[in-house]
Structures are given as structure tokens and as C-alpha cells.
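Participant: Read left to right, the sequence shown gives residues 1 to 405 (UniProt numbering).
Keep in mind that the hints were calculated from the coordinates and are not lab data.
Cβ atoms here follow ideal geometry from the backbone N, Cα and C, with glycine treated the same way.
Any given hint might turn out to be false.
Unchecked claim - Here are the simulated DSS-like cross-link-like pairs (lysine-lysine), alpha carbons at most 25 Å apart as the crow flies:
id	residue 1	residue 2
1	Lys39	Lys69
2	Lys291	Lys306
3	Lys66	Lys39
4	Lys367	Lys213
5	Lys66	Lys55
What the hints assert, rightly or not - Computed spacing ranges between beta-carbons, pair by pair:
id	residue 1	residue 2	range
6	Asp58	Asn160	23 to 33 Å
7	Lys66	Asn210	44 to 54 Å
8	Val190	Ser48	26 to 36 Å
9	Ser339	Gln22	38 to 48 Å
10	His232	Leu330	20 to 30 Å
11	Asp67	Leu199	14 to 24 Å
12	Asn160	Ser112	38 to 48 Å
13	Tyr201	Leu60	24 to 34 Å
14	Leu199	Asn121	32 to 42 Å
15	Asp335	Gln28	37 to 47 Å
16	Pro398	Pro358	14 to 24 Å
17	Thr364	Thr37	44 to 54 Å
18	Thr207	Pro84	40 to 50 Å
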Amino acid sequence: MTVMIYGCTGYMGTMVSEAMAQHPQLSQLCVLSGRSTTKVRNLATRLSLPWCSFKLSDSLIDHYLKDIKVVLNMAGPYIETTEPLIMSCIRTHTDYLDISKEQQSLQLLFQSLSAQIQSANIIAIPGLGFDSVATDCLAALLRHHLPTATHLNLSFAFSNIADGIPVSRGIWKTNVRNMFSAADMNLACVEGAIQEVPLFYKSRTVTFPNAGKALVATAGGANCYIASRSTHIENIDTFIPIDVNIMRLILFLWRVFAFLLRWIPLMHWFILHVMDYSLTKGPTEYQRKGKRIDVWGEVRDAQQGKVIRGSIQVMEAYGFAQQAAIQGVLRIISDRHISPGVWTPSQAFGPEFVLSIPGTVAYTFVKFEHNQQTAKSSVSSTASATTTASKLAAQSIPPLLHGSH
């Protein structure tokens with residue numbers, strides 16, 4: 001049984017490869033792979049791991065996967081790498097994992113290729129990164145406690161609101177590609193349908209367990225899509241903390257850069273190449289050390305006037321994604337109770353999967369009951385809003401699933 005890390009030399013790929021090389025079980029199963037022979041060979045030599053190198057346009061791709069049990073795709077942009085890898089996985093009966101947060105690649109797996117993946121008797125689990133796992137599992141836990149929920153809100157912030165971590169080069173490049181193609185701008189689930197909506201089209205106030213009270217505005221793509229697949233809640237919005245003045249500046253700059261990228265020839269190519277030479281690969285271990293993130297969620301039943309809010313705290317996003325990917329691989333190779341098909345992390349491993357990631361803390365969930373008029377006023381599309389449920393008597397409930405230990 002062999003696990004291949006494809007895209008092992010990128011920022012996240014290197015982090016995961018280093019962790020697997022030190023893992024008592026996975027170090028004996030892991031093979032490194034990627035497009036650059038020199039980079040893959042150098043990393044494999046340093047980590048004392050076997051390796052191979054091939055491009056996804058290679059007609060011999062099936063040859064490299066035929067003896068592989070699980071492929072962990074760490075090579076972005078995923079809209080370019082997911083399809084050739086998953087098609088080879090279908091032909092070679094190889095399970096597939098990735099840490100994608102790109103809606104187009106998620107749609108490819110969940111919608112376009114779902115039937116083929118199931119027919120091939122393989123498992124595909126995209127989104128094993130911070131953006132999806134933390135919010136997906138929290139959303140599933142909340143829905144477990146309110147199965148009739150009609151609305152879901154999700155948000156996250158650094159536990160110390162003043163903290164910050166440099167964004168990796170790969171994420172910057174993905175954002176530029178999205179601006180160029182107008183993909184994954186901002187998504188919401190409205191009456192059961194995933195729709196593109198204006199950036200920051202809603203705002204509200206959220207009280208995080210450590211970061212405290214903050215104004216948040218809608219922004220997100222993959223976490224909304226994944227939560228919709230997992231919970232089937234009809235109305236979902238994802239939020240990020242934002243300052244009003246910064247929000248206006250971001251909207252202005254976003255529109256300017258989006259216009260330049262789409263209408264000036266070669267601008268997209270030029271910016272990507274500048275990024276390759278001017279941006280660091282990603283944050284250092286020192287920059288990531290000690291950083292933690294509050295993840296907040298709220299489900300609401302608009303008909304019954306019930307609300308449940310809950311929070312978890314996790315390590316910073318890069319370390320979290322590293323550990324989530326490793327835990328995902330371990331479960332795939334050891335748990336044969338997962339049915340063939342395409343699954344979100346919480347569907348495949350259960351909502352409490354997030355609690356298996358080192359450093360995760362679950363806070364007590366709080367249940368509110370109030371009248372329908374109050375419930376309907378909880379979010380405004382034009383200005384910051386809060387729910388008055390917090391003024392009512394609250395009932396604390398354990399965040400874990402009933403019967404869990």
C-alpha cells in the first residue's frame with residue numbers, strides 16, 4: 001500500500017512531505033512526486049523517501065499511479081491538476097485526496113465526475129485544508145443539534161485579532177487566476193442553490209470566543225460550497241472580519257485589478273511571473289508559531305425561531321492543513337467503511353474529524369429560542385446587524401455528538 005504526494009515541492013506539499021517522513025506509519029508508505037525532476041529529487045534525497053517525476057500532460061500518468069493506493073494532490077491551481085489526476089485515479093482505481101479550496105475543481109468532482117468515481121469503486125475527498133475542514137465540521141456539528149436549520153452562517157478570525165501570517169505564494173497566484181477568470185469571487189447558498197454574489201454583500205456582528213466582538217462581511221467560496229454539500233442547509237453565508245474603510249478599499253482595488261487582468265493582454269501572465277520572483281514561498285515556522293484561529297458558526301430555524309451558536313479554536317491555517325491532510329490519509333488507508341464516491345471531510349470522517357487535529361478546542365454550544373419576528377431580523381443585506389437572541393435565556397449544550405467520548 002503506497003501513498004503518493006503529488007506537488008510535494010510547493011509550500012504546503014513540502015510541509016506535508018516533511019511530516020510524513022517523520023510519521024512512524026506513513027514514512028514507510030510515502031512516495032514523493034511532482035513536475036520538476038530536480039526539485040522532487042532534492043526533497044526526496046533530503047527526506048530519504050522514494051520519488052518519481054511526471055507532468056500531468058504525460059501519456060504515461062497511469063503507469064505512475066498503477067501501484068498507488070492513495071494520491072494526495074498538493075499541486076495547485078487545482079482547476080488545472082484535479083482533472084488529469086482524478087481521471088487517472090478512475091482508470092487505476094486509486095483513491096484521491098486534495099486540499100483544494102477552488103470551487104471549479106470541487107464542482108468537477110462532486111457534480112461532473114461523481115458517477116464515474118463511484119463506478120470505479122474509489123474514494124475522492126477534496127478540501128482537506130483549513131478553509132474547508134474547520135468550517136465544514138463545525139457546520140455539521142451545528143446541524144446535528146438543529147436538523148431543521150434553514151440558515152447557516154460561518155466565520156473565522158485570528159484568536160488574537162492583531163495577529164497575522166504572510167499568505168503563501170500559491171494562494172496569491174490562485175487569487176489572481178480567479179480574478180482573471182471571474183471564478184470563485186464570492187459564493188452564497190440561496191434557497192438551496194449556490195450562487196455568485198457581490199463581495200461583502202452582507203455584514204453582521206459576531207462574538208468570537210477569544211478574538212471578541214467583530215464586524216464581519218461575506219466573503220468565501222469553497223467553504224460555502226462544502227458546507228452546502230455536507231449539511232444541505234438551504235441558505236449559507238460565510239463571513240470574514242473586516243474594517244469598513246478597508247472593505248471599501250478592497251472593493252475598489254478588486255474591481256480595478258479584475259478589470260486590468262481581464263482586458264489588458266498578458267497582464268495576467270506578467271503578474272504571475274512577478275509573483276514567482278518577488279513573493280516568498282510562504283510564512284516561516286517562526287511566523288506561524290503560536291498563532292491560533294477562532295472558528296464561529298450559527299444555525300437558525302427561521303420557522304421555529306431556534307438558533308444554535310458554537311465555536312472551535314484551531315491552530316493557524318497552514319499547520320492545520322498539514323495535520324488534516326495527514327489525518328485524512330491515515331483514515332483512508334485504515335478505514336474501509338467509507339463508501340466509494342465523492343465526500344466532504346465531515347461526510348467521510350464524521351463531524352468530529354476536526355477534533356482529531358492537534359490543538360483543536362471545542363467550546364460549549366449555546367441554544368436560543370425566540371419568536372419568528374426576531375429570528376428573521378438576524379442578518380441584513382445592507383448594514384451590520386446582530387440577533388437579539390443573545391438577550392434571551394440561553395441553554396448550553398455539549399458540542400460533541402450524542403454518545404461520543
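Participant: Are the hints correct? Go through all of them and say.
Facilitator: Outcome of the hint check:
{"no.": "1", "hint": "Lys39 with Lys69", "verdict": "holds (24 Å)"}
{"no.": "2", "hint": "Lys291 with Lys306", "verdict": "violated (34 Å)"}
{"no.": "3", "hint": "Lys66 with Lys39", "verdict": "holds (23 Å)"}
{"no.": "4", "hint": "Lys367 with Lys213", "verdict": "holds (19 Å)"}
{"no.": "5", "hint": "Lys66 with Lys55", "verdict": "holds (16 Å)"}
{"no.": "6", "hint": "Asp58 with Asn160: 23 to 33 Å", "verdict": "violated (46 Å)"}
{"no.": "7", "hint": "Lys66 with Asn210: 44 to 54 Å", "verdict": "holds (48 Å)"}
{"no.": "8", "hint": "Val190 with Ser48: 26 to 36 Å", "verdict": "violated (51 Å)"}
{"no.": "9", "hint": "Ser339 with Gln22: 38 to 48 Å", "verdict": "violated (32 Å)"}
{"no.": "10", "hint": "His232 with Leu330: 20 to 30 Å", "verdict": "holds (28 Å)"}
{"no.": "11", "hint": "Asp67 with Leu199: 14 to 24 Å", "verdict": "violated (45 Å)"}
{"no.": "12", "hint": "Asn160 with Ser112: 38 to 48 Å", "verdict": "holds (42 Å)"}
{"no.": "13", "hint": "Tyr201 with Leu60: 24 to 34 Å", "verdict": "violated (47 Å)"}
{"no.": "14", "hint": "Leu199 with Asn121: 32 to 42 Å", "verdict": "holds (41 Å)"}
{"no.": "15", "hint": "Asp335 with Gln28: 37 to 47 Å", "verdict": "violated (19 Å)"}
{"no.": "16", "hint": "Pro398 with Pro358: 14 to 24 Å", "verdict": "holds (21 Å)"}
{"no.": "17", "hint": "Thr364 with Thr37: 44 to 54 Å", "verdict": "holds (52 Å)"}
{"no.": "18", "hint": "Thr207 with Pro84: 40 to 50 Å", "verdict": "holds (45 Å)"}
In the structure shown, a violation is registered for the earlier hints numbered 2, 6, 8, 9, 11, 13, 15, in ascending order.
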